[in-house]
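The sequence shown runs -18 to -1, 1 to 119 under mature numbering (1 follows the signal peptide of the UniProt record, and there is no 0).
Just so you know, the hints here were simulated from the structure itself, not pulled from any lab data.
Because the structure is a prediction, the values reported are computed rather than measured.
Treat the hints with care, since some could be wrong.
Just the calculated beta-carbon pair ranges, DEER-fashion [stated by the list, open to error]: (1) Ala26 / Thr81: 31 to 39 Å; (2) Thr81 / Asn48: 24 to 32 Å; (3) Val87 / Ala58: 29 to 37 Å.
Listed next, the in silico DMTMM-like pairs over lysine to aspartate or glutamate satisfying Cα-Cα at most 25 Å (straight line) [stated by the list, open to error]: (4) Lys71 / Glu89; (5) Lys30 / Asp50; (6) Lys70 / Glu23; (7) Lys30 / Asp74.
Note that beta-carbon positions come from the ideal geometry of N, C-alpha and C, so glycine has one too.
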Amino acid sequence: MAAVAVAAMLLLSGCSGATVGGAVNGAVKEATGGDVSLAGELPAGWPKEIPVIDGNLGFGAANTTNGDTGWVVTVATSAADPLADAKKKLEDAGFSSDTSATANVGEAGVAALTNGTWSVVLAGTPEGVLYTVNPAA
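Model the full assembly from the supplied sequences, consistent with the hints where possible.
Next comes the structure, spelled out in structure tokens:
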């Protein structure tokens, strides 16, 4: 909530987009203790072995709890099937699908994959994909 209040105040005072983005990043980081990216970049520490589909990176965040770091990233794309593209890219990188954790409802879907080191849950719509990454159990 504090991040929203800070962003609103800065917008109303006429600050630039970069200034607002920096203030929001700082407020969210302070509130959550995590790394936040609103500038089209993967968050700090994003595992190199986890490829993302081509598109516009939106929100990204990292958070560490009990020594384990996890990440979330959104990617907007004009691909015909963003979820299938993201899943294939991970499979090509050595990830295996967990078919028991796959579901589709209308145009939206969810898929879970792992490579033994990382677990990735993909939530896809026709507009893009949300990646949720955690250490594999």
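Results for each hint:
{"no.": "1", "hint": "Ala26 / Thr81: 31 to 39 Å", "verdict": "holds (32 Å)"}
{"no.": "2", "hint": "Thr81 / Asn48: 24 to 32 Å", "verdict": "holds (29 Å)"}
{"no.": "3", "hint": "Val87 / Ala58: 29 to 37 Å", "verdict": "violated (20 Å)"}
{"no.": "4", "hint": "Lys71 / Glu89", "verdict": "holds (20 Å)"}
{"no.": "5", "hint": "Lys30 / Asp50", "verdict": "holds (16 Å)"}
{"no.": "6", "hint": "Lys70 / Glu23", "verdict": "holds (22 Å)"}
{"no.": "7", "hint": "Lys30 / Asp74", "verdict": "holds (14 Å)"}
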